[in-house]
Amino acid sequence: MPEAPMTLTCLLTETLRNPALANRYSATEWDLLIRQARSARLLGYLAQSFLEQNGKQVNVPDYARYHLESAQWSVKRQNEALDWEFKLLKQVFRDDAIPIIALKGGAYVLADLPISRGRLFHDIDIMVPREAIEKVETRLQAHGWKTTHNNAYDQRYYRQWMHELPPMTHRERETVLDIHHSILPLTARIHPDAGKLIENATPDPENRGILWFAPEDMVLHSMTHLFHDGELENGLRDLVDIESLLSHFGKEEAFWSRLCERALILQLTRPLFYGLQYARLILGTHVPQETIETVAPWGPGRMVRKLMDLLFTEALLPAHHSCHSRTTGTARWLLFVRAHYLRMPLRLLLPHLIHKALIKDLDKEEELSNKFKQIFADQEKE
Amino acid sequence: MKLLDLNQVEISHSLAHQGLRFRIGPFSVSLHSTFSSVSDRIGFFYRDFLTVDDDQFIDFHIHIKKPDNLRHWIRPQSVFSFDGFVPFKPLPANQAFPIFEWGLNWCIATTAHQLLIIHAAVVEKNNHAIIMPGNPGAGKSTLCAALVCRGWRLLSDEMALITPNDLKIIPIPRPIGLKNESIGIMGNFGEKHEIGPSVMDTSKGTVAHMRPPTESVKQANTGVYPGTILFPTYSAGSGVELEEVGKAIALARMTEQSFNSHILGVEGIKVMERVVSRSSVFNLKYSNLDTAIARIDELIR
Chain A
1276 MPEAPMTLTC LLTETLRNPA LANRYSATEW DLLIRQARSA RLLGYLAQSF LEQNGKQVNV
1336 PDYARYHLES AQWSVKRQNE ALDWEFKLLK QVFRDDAIPI IALKGGAYVL ADLPISRGRL
1396 FHDIDIMVPR EAIEKVETRL QAHGWKTTHN NAYDQRYYRQ WMHELPPMTH RERETVLDIH
1456 HSILPLTARI HPDAGKLIEN ATPDPENRGI LWFAPEDMVL HSMTHLFHDG ELENGLRDLV
1516 DIESLLSHFG KEEAFWSRLC ERALILQLTR PLFYGLQYAR LILGTHVPQE TIETVAPWGP
1576 GRMVRKLMDL LFTEALLPAH HSCHSRTTGT ARWLLFVRAH YLRMPLRLLL PHLIHKALIK
1636 DLDKEEELSN KFKQIFADQE KE
Chain B
91 MKLLDLNQVE ISHSLAHQGL RFRIGPFSVS LHSTFSSVSD RIGFFYRDFL TVDDDQFIDF
151 HIHIKKPDNL RHWIRPQSVF SFDGFVPFKP LPANQAFPIF EWGLNWCIAT TAHQLLIIHA
211 AVVEKNNHAI IMPGNPGAGK STLCAALVCR GWRLLSDEMA LITPNDLKII PIPRPIGLKN
271 ESIGIMGNFG EKHEIGPSVM DTSKGTVAHM RPPTESVKQA NTGVYPGTIL FPTYSAGSGV
331 ELEEVGKAIA LARMTEQSFN SHILGVEGIK VMERVVSRSS VFNLKYSNLD TAIARIDELI
391 R
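First to last, the protein sequences are chains A and B. The working numbering puts the first residue of the first sequence at 1276, with every later residue one more than the last. The working numbering puts the first residue of the second sequence at 91, with every later residue one more than the last.
Hints were generated in silico from the structure; no laboratory data involved. It is possible that part of the hints are untrue.
[As the list claims (entries may be wrong)] Straight-line distance between alpha carbons at most 35 Å, and here's what the computed DSBU-like set of lysine-lysine pairs gives: (1) B/K258 to B/K308; (2) B/K337 to A/K1421; (3) B/K92 to A/K1365; (4) B/K156 to B/K294; (5) B/K360 to B/K155; (6) B/K337 to B/K179; (7) B/K215 to B/K155; (8) A/K1421 to B/K179; (9) A/K1471 to A/K1362; (10) B/K156 to B/K337; (11) A/K1471 to A/K1526; (12) A/K1351 to B/K337; (13) B/K179 to B/K215; (14) B/K179 to A/K1351; (15) B/K258 to A/K1351; (16) A/K1365 to A/K1526; (17) B/K360 to A/K1351; (18) A/K1365 to A/K1410; (19) B/K215 to B/K269; (20) B/K92 to A/K1362; (21) A/K1365 to A/K1351; (22) B/K308 to B/K375; (23) A/K1410 to A/K1421; (24) B/K156 to B/K258; (25) A/K1471 to A/K1410; (26) A/K1362 to B/K156; (27) B/K294 to B/K92.
The model shown is predicted, which means the values in this text are computed figures rather than measured ones.
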């Protein structure tokens, strides 16, 4: 197991690496652990690993147990609500032959993976083939879903560059639905073939009409999302997803070679390298030696790797002030810029970041958006 | 040690630095604030509450602070945060103490799902608890304050905390929130109670708080089982009318008033059903507080 760098002194990550440590925690350490877990949206996960029957055999004092049990209630109800939403979604598409793939949290719940018993999330994510996206949108609109981000700039941003539609919300239930047609933006440097992901998807054995990614693809998607998407506030939670998926699927020996094969086919070797590297480094995830050797050449050069180790071990700490050093903000910011750089070529990225920085005043939005339209129109002519 | 064992300077110092740690019902709170109104009112309303030692667990780390922008030069504001998370927009600075009370309600209602939480006042006498769920304006807080002035024990003016296993109501006596006319009414009602300064122009109108009785705070560890559920309605000029309510209707109305039945789901409704089935349930229409209290006293005889 690789040694964690010196900066890793966060109680939550230490506890995730070695839950038995908690048996010796004082009241003030439990206090800090619960706070860090709540900020990192990992209270439910902690509850699952400490309190469930085949849990880690930790003696949890009552004052902390209440917070964990409370989080378990939230997860339980969320999962029921999610199951219900997918039943309704199946109804929406009952007359179409469109494959609807549940992504991330939703997929974990439908596939009944261990991680789903402790995970809280906000939105429902689905993926559909790109050619079906208009039909999907129309169908959803007819069933009470409406689009958000109604200004011209944002609509264009999503529809022309992104791998998803602007989020839709349901008029009555207020559920938020993200509809993807790929796992990375159209403008990104690498282009995993969404068709291959859909072909390989697992059908629902309970016949709810929804599919989810095959185990290897699910892991690769989770890694791609974390290491190419730039939203690192919930980074540790996403890394815990990866660790939990790996330890669940990895029990089957053949999984690891399939994982490497799929990474090659889908052009996702770099996210796989990072995912395994930081799951091992930060959470102590077990990865077979053979796999470590296979992915080693897929990482960046030595210097970049050292830099990334520094940045990610810092940026993936819980979003709690007790884990913030003077450089945490900078690390997150640098990785945010890196992720955006990977998502879009600079000629699109710079105007976009400038636009987002300026758009604080809604009145100005339309006016600025028109100006930018002109800039983009000029660029496209070139 | 109680907060009254600290002088006002010590309270202000703790609030401004390491955080003032004290116990409110089943919860422990660490409060940070530099507002003098917060420090004055915490010292006044919470004087009988126990402090919590530095080596103990804290449920809610709360800050009431000034926003990090230039606005405090023009129109000062106060911001509530729960361990760094800000659930509401800032409010004018004169609402710094009320925002603590409202924010603490939010913390409990969103994180304490190990309990069934109902929006209700709870009082007790002779080991008989009365739960008074209330729509805003039904006069639940006024009636609760009046009962407390006449010797009933205060368990809560805002939320009934019910343990799912044994249905015991866990006391959380806190300052009783009074709005608009009820501030004046309660000012004339009794002698023992004490009402703090009014805060005007909040989203609820003018608000003031009444200090929870020392005796109620002292008994904050003693839970009570539900006995009666009362749905009060203030109706100007009416006499006291008590009318029995069917159990199914009571269950529906209690569920409507629950803060976390959407999280506890079927299990929560089952707990509520057990609470309702062991209680007598009435609608109470009243206009005069003394006659209403006399009628309620008869209920537990």
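What are the numbers of the hints the structure violates, in ascending order?
2, 3, 5, 6, 7, 10, 13, 20, 24 and 26
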